[in-house]
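Line by line, the protein sequences give chains S and V. Take 320 as the starting number for the first sequence in the numbering used here and just add one per residue. Take 3 as the starting number for the second sequence in the numbering used here and just add one per residue.
These aren't lab readings, by the way, just hints derived from the structure by calculation. Among the clues, some could well be false.
Derived contacts from chain S toward chain V, CB cut-off under 10 Å, selection only [stated by the list, open to error]:
id, residue
1, A346
2, E369
3, D375
4, K407
5, F418
The beta-carbon is built from N, C-alpha and C at its ideal position, and this holds for glycine as well.
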Amino acid sequence: MDLGLDVVERNGHAVLAVHGEVDVYTAPQFREQLIQLVDQGHRRIVVDLEGVEFLDSTGLGVLVGGLKRVRSHDGDLALVCTQRRILKVLEITGLTKVFSIYDSVDAAVAGDGQT
Amino acid sequence: MTQVIELEIPARAEFVGIARMAVSALAGVRPGLPYERVDDLRIVVSEACTSAIQAAKEGDRVTVRCFDSPEQLEVCIGAATGAFDSTLAGDGDSGSDEFRISLIRALVDEAEVRPSGSGTELRLVMRRESAGVEGDLPA
Chain S
320 MDLGLDVVER
330 NGHAVLAVHG
340 EVDVYTAPQF
350 REQLIQLVDQ
360 GHRRIVVDLE
370 GVEFLDSTGL
380 GVLVGGLKRV
390 RSHDGDLALV
400 CTQRRILKVL
410 EITGLTKVFS
420 IYDSVDAAVA
430 GDGQT
Chain V
3 MTQVIELEIP
13 ARAEFVGIAR
23 MAVSALAGVR
33 PGLPYERVDD
43 LRIVVSEACT
53 SAIQAAKEGD
63 RVTVRCFDSP
73 EQLEVCIGAA
83 TGAFDSTLAG
93 DGDSGSDEFR
103 ISLIRALVDE
113 AEVRPSGSGT
123 ELRLVMRRES
133 AGVEGDLPA
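Using the sequences plus the hints, can you model the full thing?
See the structure below:
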């Protein structure tokens, strides 16, 4: 089971595109990547979940940990997600109220088009 | 007729995906569980196996027993005693524990923790929409 993590910079944001399955096995890589971005000084982070095929509570824990970490440096972490199956997980756990969720990377880096 | 399928995996993170894949494949053998519900089942099995693995000691194994009938698919995840103490009880001590509880409660029709042999098991039930003879397996 592979997890793909690609980072690009867009309009002053670090955009982390996640591909594959996020679970107890792959979550440590994901967590490490978010920690690294914050440690490198990125304060506006966008996590693009459009390529995620599976996400469970372990992945949610990583996202919340990343959000807390970047907010402790006065930054923010937003999500890009239009997949019903992932949005459902975010809704059940109440995280749609915690994260800014956008329907495209363009919207996220522009700060509009929030879903 | 109920078909019984058993799977045993090492209690290690890299095997959770195999349990998830096996159960979701089984869920599609009979009609009555639409794709979205199979997706729900994948999440819940992943949550249960993760709890089991996090409570395991080196060398432990996790059992996944499936009881597949035209009416429902029952999945029992067996693990060491105490593995599921916080899985349904609502006393999880981390964000992931709380999310796990919310997901399991929301996504299956029944969930219960009960003793099993020398350990414990989390029993999960997904009811099929089209219960009855027409949902049975071909002879």
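Evaluated hints:
About 9 Å separates the beta-carbon of A346 of chain S from the nearest beta-carbon of chain V, less than 10 Å, and the hint is met. With 10 Å as the threshold, the beta carbon of E369 of chain S stays out of range of chain V, its nearest partner Cβ sitting at about 16 Å, so the hint is violated. This hint holds: D375 of chain S has a C-beta 5 Å from the nearest C-beta of chain V, less than the 10 Å allowed. Residue-level restraint check for K407 of chain S holds (minimum Cβ-Cβ distance to chain V is 8 Å; threshold 10 Å).
Taking 10 Å as the C-beta contact cut-off toward chain V, the hint placing F418 of chain S at the interface is violated, the least distance being around 13 Å.
When held up to the earlier numbered hints, the structure conflicts with 2, 5 and fits the remainder.
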